[in-house]
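K.L.:
So the chains spell out like this:
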Amino acid sequence: MTLRANNIEHFYGSEHILHNISLEIMPKKITAIIGESGSGKTTLLAILSSLLKPTRGTIYYDDILLSNIKNIDLFRKKNIGFVFQFHYLIDYLTLKENIALGALKESDNIEELIKTLGISNLANRYGNEVSGGERQRAAIARALVNSPSFVFADEPTGNLDTKNAIGVFELFRNFKDTSFIVATHDKKIIDYADIIIEMEDGYVKNISSQRT
Amino acid sequence: MITPLKALRKNKFKTALIFFSMVVAISAIFLISAISNGIVGMYSTMLKTDGDIIVTQRGIADTFFSDINYTIKKRIEKISNVKEVNALILGAAPVDNLPIVGIYGVSENRFDSYKLISGIYPKSNEVIMGQKIYKMLNSPKKIVISKKEFNVSGVFKSKIGFEDGGVVMRLDDGSKIFHKSTSIFLVSLKDIESKNTITDINHLNSDIEAKTTDNFIDNYNQFKIIKTSSDVISALAFLMGVLGIVSMMSMVVNDRKVEFGIMRSVGLPSKTIIIKLVAETIIIAIFAYIFALALSYIVLEIIQNTQKFQGYINGEITFSLGALIFFTSVLMAIVGTLLPAIWASRVDPMSLILRGAY
Ligand SMILES: Nc1ncnc2c1ncn2[C@@H]1O[C@H](COP(=O)(O)OP(=O)(O)OP(=O)(O)O)[C@@H](O)[C@H]1O
Ligand SMILES: [Mg+2]
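Quick mapping for you: the protein sequence lines, in order, are chains A and B. Per this note's numbering, residue 13 is the first one in the first sequence, and the count goes up by one each step. Per this note's numbering, residue -11 is the first one in the second sequence, and the count goes up by one each step.
No lab work stands behind these hints: they were computed from the structure. These figures come from a predicted structure and were not determined experimentally. Accuracy of the hints is not assured; some may be wrong.
To be verified - Here are the simulated DSSO-like pairs of lysine-lysine, each with C-alpha atoms no more than 30 Å apart in a straight line: (1) Lys71/B with Lys168/B; (2) Lys90/A with Lys117/A; (3) Lys259/B with Lys82/A; (4) Lys(-6)/B with Lys108/A; (5) Lys127/A with Lys71/B; (6) Lys245/B with Lys90/A; (7) Lys117/A with Lys245/B; (8) Lys200/A with Lys127/A; (9) Lys117/A with Lys(-6)/B; (10) Lys212/B with Lys117/A; (11) Lys175/A with Lys108/A; (12) Lys(-6)/B with Lys127/A; (13) Lys135/B with Lys212/B; (14) Lys215/B with Lys296/B; (15) Lys108/A with Lys245/B; (16) Lys82/A with Lys117/A.
All chains should be built: construct the whole structure from the sequences, respecting the hints.
P.N.:
If you want it as structure tokens, here you go:
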């Protein structure tokens, strides 16, 4: 799937936050959204990922207009995964149960995911019984459980030390069929991203391709 | 289904609060219904003993205020379908130091419905006493009813609390105390199906009115008052239960916003979240129901054995009452959870990102 945003404008109340943003997110790439605090990274990510309706403009997933989708829950389940800064797990469920939370019936890759993410021996522990890095890896597994086309991550390494942060970015590289869109301050992303979108004061300042 | 039990265990304190508010509400419904059913049931049983038809004063559909002429008894007995006619005076009066006790003046042919455990049936100026009141008054030889003294000739046992805590005497002795010859007749029939007997009795005298005992009980005003009050109190208890659940569940939902945000972000439909929360409260409701049932049995047992009530208050938890209250409890859980659950199902996953921004 390719994601296209056309002439996105966004206001919080009367405050104009995003200005005329048009861009394309290519499949199977890691896209980083970087920029100063307050530049609109999170807002843009939320709009692209269907969580936030833009004030103006359109979002297309291939040729599907996002605002036309009737069953957004099912669409998210199939096509979109989320990773949040605070790697929110449900704490009365085990890591494995958390990962399986939104799994479609046909998703049978849970065991394999757990293995790839290196949390096999922790699968039956509860969220508050593992480290932050391990929690975040479980959250990433949850986002990937239905092999979605897109995984959106807002500051996924914001709560992690350098070693764990690098581990997360490396993981993203392992899932070659998924497009990762990462909004972050973390400069380390530059070594891992295929495409970098630079935000400044609500404008897209520059889009650059790292490799081809 | 995401294991609701785990969620309940995790939120122990609030689960416990919801549990207790439901126990209180369900127990209240149980007790008030059981007690009102018990009172109505006991009195009905008493009237139905040898009473297919009940005859009262015309226009006075009440056993206490009814006043009819004893001599009509003989004429009713002559009707071919009539097996037996019992004449009763029902009253209440102070007995020794007890302020109010059920007093039954009965025709001699009704004596055999009181099972003696000691002594003999009463002659003039004698009474037999229910074993409950007999014990309460410390096995007296004589008692004073409305300033008249009576010898105790025997003691009987009855499952009906009003009788076990009451005093039975001959009809003419009762007549002297309550200044009437008879309150009601209880008529038993040879062929219960035959409808004509009621018409036949009604034709005998324009001062009396015959009804089937079932019909009489269904329309008995005292019972209606008891039942209506119990229904109103039950409805209020139900409402209190619902409100308790609504307020607790609103807090629970607020505490667990992140959880619902995650569920929405992984694409679980609103319906699933609503069902999950409702399932959680239904589970609490089932445990609360069991607890309330046990509690009600204990309280009823205590009430029955409390001297002060003379056995007149007697709860009865029938299977159908138990089943009805079970469904009421589940309904309470559903109604109380629905609004908070809908609220939970609308938690915007955006809130999970915003936390990061601020
Ligand atoms: N819900 C909101 N209501 C009003 N203003 C908001 C809201 N969310 C964000 N903003 C404002 O919009 C602007 C962009 O916010 P956004 O969170 O998108 O920035 P960001 O680039 O993600 O910043 P950070 O790096 O600190 O996460 C900021 O000025 C912020 O104050
Ligand atoms: Mg942000």
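K.L.:
State for each hint whether it applies.
P.N.:
Here is what the structure says about each hint:
no. : hint                    : result
1   : Lys71/B with Lys168/B   : 25 Å, holds
2   : Lys90/A with Lys117/A   : 11 Å, holds
3   : Lys259/B with Lys82/A   : 15 Å, holds
4   : Lys(-6)/B with Lys108/A : 14 Å, holds
5   : Lys127/A with Lys71/B   : 88 Å, violated
6   : Lys245/B with Lys90/A   : 23 Å, holds
7   : Lys117/A with Lys245/B  : 26 Å, holds
8   : Lys200/A with Lys127/A  : 25 Å, holds
9   : Lys117/A with Lys(-6)/B : 22 Å, holds
10  : Lys212/B with Lys117/A  : 57 Å, violated
11  : Lys175/A with Lys108/A  : 24 Å, holds
12  : Lys(-6)/B with Lys127/A : 26 Å, holds
13  : Lys135/B with Lys212/B  : 34 Å, violated
14  : Lys215/B with Lys296/B  : 23 Å, holds
15  : Lys108/A with Lys245/B  : 21 Å, holds
16  : Lys82/A with Lys117/A   : 21 Å, holds
The structure fails to meet hints 5, 10 and 13 from the earlier list, while all remaining hints are met.
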